[in-house]
Amino acid sequence: MTAIRIDGVARAFGAVAAVRGVTLDIRDGEFFTLLGPSGCGKTTLLRMVAGFCDLDSGTIHFGERRIDTVPPHKRNAGMVFQNYAIFPNLTVNGNVAYGLKARGIVPDQIDDRAAKALKLVHLDGYGARWPHQLSGGQLQRVALARCLVIEPEVILLDEPLSNLDAKLRVEMRGEIRQLQKRLGITALYVTHDQEEAMAISDRIAVMNAGSVEQIGQPVDIYQRPATPFVARFMGTTNLLSGSVIRHEGDRAVVRAGGHDFLVGAPGIAEAEPGKAIGFSLRPEALTITAPGAKPPPGWASLEARVVRIEFLGALTRIELALDSGLVLHAAAVDMPRALAEGPVALSYDPARVTAFPGPCD
Amino acid sequence: MRLIPARSGFPLAVAAVALAFLGLFLVYPLYNVFQASFFDPSGKALTLANYVKILGTPFYRAGLINSLTVGSLATLMTIAIGVPMAFCVARLPVPAKPALLALAALPLVLPSFVGAYAWVLLLGRAGLVTQGLREIGLDGISIYGKQGLVLVYTLQTFPYVLLPTLAAFKAVDVSIEEAGQNLGATRWRVFRTVILPVVLPSVLSGGLLVFMETLENFGVPFVLAEDMPILSIQAYKLFVGEMGANPASAGVLGVLLICCTTAALLLQRYYLSKRRFATGARSVPPELVVAPWLRRLGACFAWGVVLLALVPFAAVVAISFLKFRGPVMHLEPSIGNFVLLWQRGERPLVNTLMLATGAAAGATLLGVPIGYVLTRYRSRLADLLDVVAMAPFAVAGTVLGIGLVISFNSGFLILTGGWLILVLAYMIRKLPFNVRASAAILHQIDPSLEEASINLGVSPARTFFQLTVPLMAGGVIGGTILTWVTITSELSATVVLYSGQWSTMTVEMFRALEGTGAGTAAATATVLILATILPLALIYRVLKRHEVALL
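Protein chains in written order, with the working numbering: chain A, 570 to 930; chain B, 262 to 812.
One should not assume that every hint holds.
To be verified - Quick list of the computed label-pair ranges, beta carbon to beta carbon:
#: 1; chain 1: A; residue 1: Gly694; chain 2: B; residue 2: Pro547; range: 40 to 48 Å
#: 2; chain 1: B; residue 1: Leu645; chain 2: A; residue 2: Val788; range: 49 to 57 Å
#: 3; chain 1: B; residue 1: Leu457; chain 2: A; residue 2: Arg886; range: 23 to 31 Å
#: 4; chain 1: B; residue 1: Leu527; chain 2: A; residue 2: Arg635; range: 58 to 66 Å
#: 5; chain 1: A; residue 1: Glu872; chain 2: B; residue 2: Ile437; range: 26 to 34 Å
#: 6; chain 1: B; residue 1: Val455; chain 2: A; residue 2: Ala581; range: 48 to 56 Å
Unchecked claim - Some chain A residues judged to face chain B by a derived CB distance under 10 Å, without partners named:
#: 7; residue: Pro641
#: 8; residue: Gly647
#: 9; residue: Ile719
Bear in mind the hints are in silico, worked out from the structure with no lab data behind them. Yeah, the Cβ is synthetic: ideal placement off N, Cα and C, and Gly gets one too.
Please model the entire structure based on the sequences and the hints provided.
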């Protein structure tokens with residue numbers, strides 16, 4: 570049971586900085602996810618922890634043990650690869666037993682432990698099969714068993730679900746999460762899929778261009794993004810820039826795109842009038858009512874026109890235009906029956922607006 | 262990029278061993294050749310006198326010009342034949358394509374001077390065809406001289422152009438053609454403006470191989486050039502004549518040969534560096550529907566070239582079973598030639614088999630780890646290793662042989678006169694092929710497999726032997742046997758390095774050609790052809806999978 574401490578880690582490839590001074594404290598038994606678009610440095614960081622990529626500076630510790638100077642085969646950090654990396658020349662059993670043999674475990678113990686590991690991933694009885702006889706999901710389970718059987722201090726997962734189809738992906742992520750909690754093992758997980766990250770993680774570090782933008786629990790990251798990048802990356806949002814005009818109590822009126830928005834984000838009271846700020850308004854925070862309807866007390870309201878309706882089943886996305894031509898996106902669960910293109914009233918709770926210092930581009 | 266691969270003893274150890282080996286048996290001998298050519302006989306003062314002397318002699322100037330002319334003509338001819346043939350095979354319904362392709366690669370591995378000799382048996386002064394033609398009044402067709410050299414080289418090396426070009430034609434997705442036509446271009450215009458430029462780098466890579474091969478070849482001009490001066494032959498003759506003294510003149514010719522090949526190599530690299538196209542067809546482009554006459558023409562052309570290249574070899578096998586009295590052939594079946602060959606001793610055959618086996622094993626043992634380090638651990642040191650390990654490609658066998666003799670004739674390590682020097686020369690010469698073949702195989706193995714093994718606690722060195730080598734095995738065995746086959750017919754270095762009891766089959770044939778033993782030469786040729794064909798037939802399945810990778 571091990572915490573992972575990544576301290577001031579950096580790496581450049583030629584002139585490109587892949588990871589710039591990242592510091593992370595991953596707690597013992599935590600499911601921690603590195604989330605970001607491709608090229609953000611998340612996989613590089615994971616490979617540094619595994620030992621497949623060198624550090625230009627910084628340190629990595631497993632508990633008290635410094636491991637960035639330890640060769641990769643002595644780190645005892647089990648890794649699950651994006652393409653499974655199942656040895657094609659070995660049976661399922663051979664794959665699972667591979668790490669045990671390397672550790673000089675006696676043969677009858679190897680069989681025993683391999684069988685237990687396969688049971689853990691619901692593949693009991695598959696030991697004698699060859700990799701080419703298995704489906705993608707089964708290969709992924711073999712990879713998990715192979716990684717868990719060596720009783721690693723931590724497990725590292727590099728986009729393990731990206732090669733599975735959508736339905737299996739959802740199923741497998743639940744299983745991985747369950748298994749990790751049951752074994753109480755620290756997990757470091759890499760993905761570019763924000764929904765997957767939120768579903769599976771205790772905490773998430775959102776990365777962009779080699780740096781960490783925000784660390785936090787999924788709910789916080791979604792609802793209180795620290796930067797415009799995080800707001801934009803975690804689902805769709807309305808990202809606007811404007812300047813503070815005046816204050817109304819602890820809220821501020823911000824003029825953006827020719828309209829006044831009421832922003833109730835924490836700390837907004839300190840923003841001087843005239844200061845340029847950016848803010849994010851999630852589509853689901855916008856409520857659509859008939860034109861002229863009264864908003865709930867304390868809410869702000871705007872007049873708008875519905876210009877496009879996109880019915881997605883459980884969710885409906887609605888595109889709205891304000892007088893000035895500014896476009897906002899709203900989302901509603903269950904398609905409102907009466908919704909049609911035309912004038913409507915928009916209202917929102919100013920407390921659900923997130924503000925950022927400086928305009929967002 | 263880092264100077265040395267980080268945190269990894271294994272690649273460092275491989276690089277160190279490989280560089281030490283290549284330093285001693287490749288760089289040091291070549292340095293000695295350079296030194297011999299640039300220093301005066303005392304070995305102290307730098308001088309260009311040797312170059313002035315050689316290049317001032319019309320005979321040697323002619324040798325240089327002839328070599329370059331023949332090489333360039335042969336390169337142009339192979340491209341002129343190889344590219345249309347590749348297109349025919351890729352896009353037209355040519356009958357029995359698998360068989361055609363299997364046979365088309367054969368001329369590359371069949372001993373080239375055996376091919377040259379076969380043409381002499383057919384079209385030489387006393388050749389079967391020449392005599393036949395003479396009877397119907399046709400005279401004056403000659404296989405000797407420039408036209409003969411170009412003909413034999415073309416038929417022998419066209420697969421160097423054909424195979425990569427064919428792969429390139431197949432890698433152009435059909436949607437590219439459709440896109441071109443959709444934008445309003447005719448088929449021919451699309452071919453000229455898109456497809457041809459995309460396959461051109463492959464054509465040129467093949468052309469370079471042809472040029473290198475013709476420049477360094479020793480056996481073919483020995484059989485066909487007669488009095489015409491050719492660089493590789495002149496270097497050999499000068500060296501044999503200079504034995505014991507300072508091999509300055511042979512050194513000059515050697516350096517000139519290396520300069521020509523290196524210049525060609527750099528020219529090609531420079532050209533290709535600006536033209537890299539990512540292709541990768543999702544499916545092989547379909548065969549074209551064309552008029553029947555065009556289809557038949559394509560089929561005749563493709564099969565015609567392959568048969569023309571192989572018929573002489575079949576002929577020489579047939580001729581070896583005819584009765585010879587001195588140089589005169591009689592149309593009477595006989596195994597006399599083989600009996601005569603056997604009576605001269607079985608040592609050359611045993612030597613050939615043993616030396617080829619040792620050298621092929623050595624080249625594999627050295628080449629596979631080098632290929633592994635080059636593909637998996639990029640670093641400055643790996644780049645240096647890449648350059649050094651590929652260098653033998655640009656060094657003529659004769660020149661390497663001369664360097665080895667100068668270097669290990671005396672001093673701290675004496676190797677001349679033994680078998681080891683032959684094995685070393687073969688290993689060095691075949692190393693680039695082995696390294697490239699290994700790298701090609703490794704590119705098909707996902708590196709994350711090795712990472713998974715290391716991650717599970719197996720050290721990089723053990724991972725290489727325990728996981729990577731078994732995964733590579735099929736391709737490596739194929740490559741080793743191909744190496745073996747080409748070593749059995751090596752002549753240009755052997756002829757410089759062999760001594761008395763370590764004579765090989767190729768040397769026997771060389772001697773038989775020098776003397777009058779035409780029958781024995783034919784019998785030797787047959788043995789060499791069998792030594793090529795039999796192992797290839799055995800591993801045909803393995804080779805097929807790596808068809809182009811092993812080129």
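Each hint tested on the structure:
1. For glycine 694 of chain A paired with proline 547 of chain B, a C-beta distance near 45 Å keeps the hint of 40 to 48 Å intact.
2. In this structure the supplied range 49 to 57 Å holds for leucine 645 of chain B paired with valine 788 of chain A, their Cβ-Cβ distance being about 54 Å.
3. Checked against the given bound of 23 to 31 Å, the beta carbons of leucine 457 of chain B and arginine 886 of chain A, roughly 49 Å apart, lie outside it.
4. Separated by about 47 Å at the C-beta atoms, leucine 527 of chain B and arginine 635 of chain A break the suggested range of 58 to 66 Å.
5. Glutamate 872 of chain A and isoleucine 437 of chain B have their C-beta atoms about 52 Å apart, which leaves the hinted 26 to 34 Å range violated.
6. For the pair valine 455 of chain B and alanine 581 of chain A, the supplied restraint of 48 to 56 Å is violated, since their beta-carbon distance comes to about 38 Å.
7. With 10 Å as the threshold, the beta carbon of proline 641 of chain A comes within range of chain B, its nearest partner Cβ sitting at about 5 Å, so the hint holds.
8. Taken as an interface hint, glycine 647 of chain A checks out: its beta carbon lies about 7 Å from the nearest beta carbon of chain B, inside 10 Å.
9. Taking 10 Å as the C-beta cut-off, the interface hint given for isoleucine 719 of chain A holds, the closest approach to chain B being about 6 Å.
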